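Peer 1: Protein chains in written order, with this note's numbering: chain B, 3 to 115; chain Y, 1138 to 1254.
Please keep in mind that the hints were generated in silico from the structure rather than gathered at the bench. The model shown is predicted, which means the values in this text are computed figures rather than measured ones. Cβ atoms here follow ideal geometry from the backbone N, Cα and C, with glycine treated the same way. One or more hints might be untrue.
Where chain Y lies over chain B, by a calculated footprint (3+ residues, C-beta under 8 Å) [claimed, not checked]: (1) 46-59; (2) 77-91.
Derived lysine to aspartate or glutamate pairs resembling EDC-like cross-links, with alpha carbons at most 16 Å apart [unchecked claim]: (3) Y:LYS1186 / Y:GLU1145; (4) Y:LYS1214 / Y:GLU1201; (5) B:LYS43 / Y:GLU1145; (6) B:LYS43 / Y:GLU1201; (7) Y:LYS1249 / Y:GLU1145; (8) Y:LYS1186 / B:GLU100; (9) Y:LYS1159 / Y:GLU1145.
In case you want the letters, here they are:
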Amino acid sequence: GAVVSQHPSWVICKSGTSVKIECRSLDFQATTMFWYRQFPKQSLMLMATSNEGSKATYEQGVEKDKFLINHASLTLSTLTVTSAHPEDSSFYICSATENYGYTFGSGTRLTVV
Amino acid sequence: AQSVAQPEDQVNVAEGNPLTVKCTYSVSGNPYLFWYVQYPNRGLQFLLKYITGDNLVKGSYGFEAEFNKSQTSFHLKKPSALVSDSALYFCAVRATFDGAGSYQLTFGKGTKLSVIP
Chain B
3 GAVVSQHPSW
13 VICKSGTSVK
23 IECRSLDFQA
33 TTMFWYRQFP
43 KQSLMLMATS
53 NEGSKATYEQ
63 GVEKDKFLIN
73 HASLTLSTLT
83 VTSAHPEDSS
93 FYICSATENY
103 GYTFGSGTRL
113 TVV
Chain Y
1138 AQSVAQPEDQ
1148 VNVAEGNPLT
1158 VKCTYSVSGN
1168 PYLFWYVQYP
1178 NRGLQFLLKY
1188 ITGDNLVKGS
1198 YGFEAEFNKS
1208 QTSFHLKKPS
1218 ALVSDSALYF
1228 CAVRATFDGA
1238 GSYQLTFGKG
1248 TKLSVIP
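Extracted from the complex, chain Y is given alone in its bound form (with noise of 0.2 Å):
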C-alpha cells in the first residue's frame, strides 16, 4: 500500500524566509510525486510535480521540490515566503504502474502554512 507522511501539521515563517514544508512516502516502485495546495472552501490547485527525470522540480508560483530517492523524500520550499502563500499544502503520491489500473493519488494529512508578515 502507498502513504504519504507530512509530519507537521502547521509550518509558521515570516515573510521574506525561506519556507519548507516538508513530505516523506512509502510507495512500490517508482512513485509519481505531486504538491497541491488549497485555500479555504476551495478544491486542490495544482502547484508541481515529479515524474521522471531532474530531481529538482520547479513548479508555480515559485515553489520547487527536490525528489530524494534514497529519502524517500519529496519537500517543498520556496526561497522567500509571501503572505499570501498562507494555506493548506498536500503532498500525494502514486504508484507507476498500479496493478488495479485505477491509479489512485494518495494524500498526506496536510500542512498549514502560515507566512506572518
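Bound conformation, chain B alone (with noise of 0.2 Å):
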C-alpha cells in the first residue's frame, strides 16, 4: 500500500531557530499534500494544503510566513517552522492523497525550549 514517510520524529531545538520536517511519499506521486497540527488529546487541525509546484493554500489564522511550506517534487512537501518559539510546540503530521485515499506520516513531535 501507499506509504509517507515523515521525518524527523521528533526534534527538540531552542528558540528562534527554524526546523524542517519532511515529507515523502514512498511509492506513489502525490501532487497534494495537506499538513495537519494536533494538540494533546485534539483531532487535527489542518494547517495548509500543499500543491506540486506552486503556492501552498493556508487555512485561516494559520501564519504563512511562519510555516513555510514547499512542494518541489511529487514526492516531498517540506514544513519548515521559521523563528520557532515555545508555542509552536506540538505535534505535526503530514498526509498525501491517491485514489481517494490518504495516507499519513508518522508525525513529527516538535518541541521548543
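Hints given; two lone chains; assemble the complex.
Peer 2: Spelled out as C-alpha cells, the structure:
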C-alpha cells in the first residue's frame, strides 16, 4: 500500500531557530499533500494544502510566513517552522492523497525550548 | 461546509465484547468517509473507507463500518474487542466533489477507545 515517510520523528530546538520537517511519498506520486497540527488530546487541525509546483493554500489563522511549505517535487513536501517559539511546540502530521485515499506520515513531535 | 461529529469522547468495552464507535457527518452531496486509528505519538493508520457500493465496509484488523445515508452515520464496529484495539479513533469525511479542488478531509474530534482486560 501507499507509504508516506515523515522525518524527523521528534526534534527539540531552541527558541528563535528554524526547523524543517520532511514528508515523502515513497511509492506513489502525490500532487497534493496536507499538513496538520495536533494538540494533546485533540483532533487534527489542517494547517495548509500543499500542491506540487505551486504555492500552498493556508487555512485561516495559520501564518504562512511562519510555517513555510514547499512542494517542489511529486514525492516531497517540506514544512519549515521559522523562528520557532515554545507555543509552536506540537505534533505535526503530513498526509498525501492517492486514489481517493489519504495516507499519513508518522508525525513529528516538535518541542521548542 | 462539511463536518463530522463523534459524540463520545471515550468508549470503554470489555475484552471480547462487541464495540461501536459512533460517527455522524454533514457534507454537500455524496460523502467519502474514512476511519483512522492513532496510537500515542504516531500518525494515523487507515482502517477503512466508504466511497461507493455496499453500505457495509470491511476494513483492517476485523473492523467494519456501515454507511447509513438516511441517518448520515458511519459507525465503526468490531464483533470482539481486543486490548490492543485501545487507541484514539478518528472519523473523517470529504465531499465527492470539492469546488475548490482541494479535497480536504474534515476530522471528528476523536474517540478514545479503552478495552478492559
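Peer 1: It remains to establish, for every hint, whether it holds in the given structure.
Peer 2: Each hint tested on the structure:
1. 46-59: holds (count 4)
2. 77-91: violated (count 0)
3. Y:LYS1186 / Y:GLU1145: 20 Å, violated
4. Y:LYS1214 / Y:GLU1201: Roughly 5 Å separates the two Cα atoms, so the pair holds.
5. B:LYS43 / Y:GLU1145: 13 Å, holds
6. B:LYS43 / Y:GLU1201: 24 Å, violated
7. Y:LYS1249 / Y:GLU1145: 8 Å, holds
8. Y:LYS1186 / B:GLU100: 13 Å, holds
9. Y:LYS1159 / Y:GLU1145: 7 Å, holds
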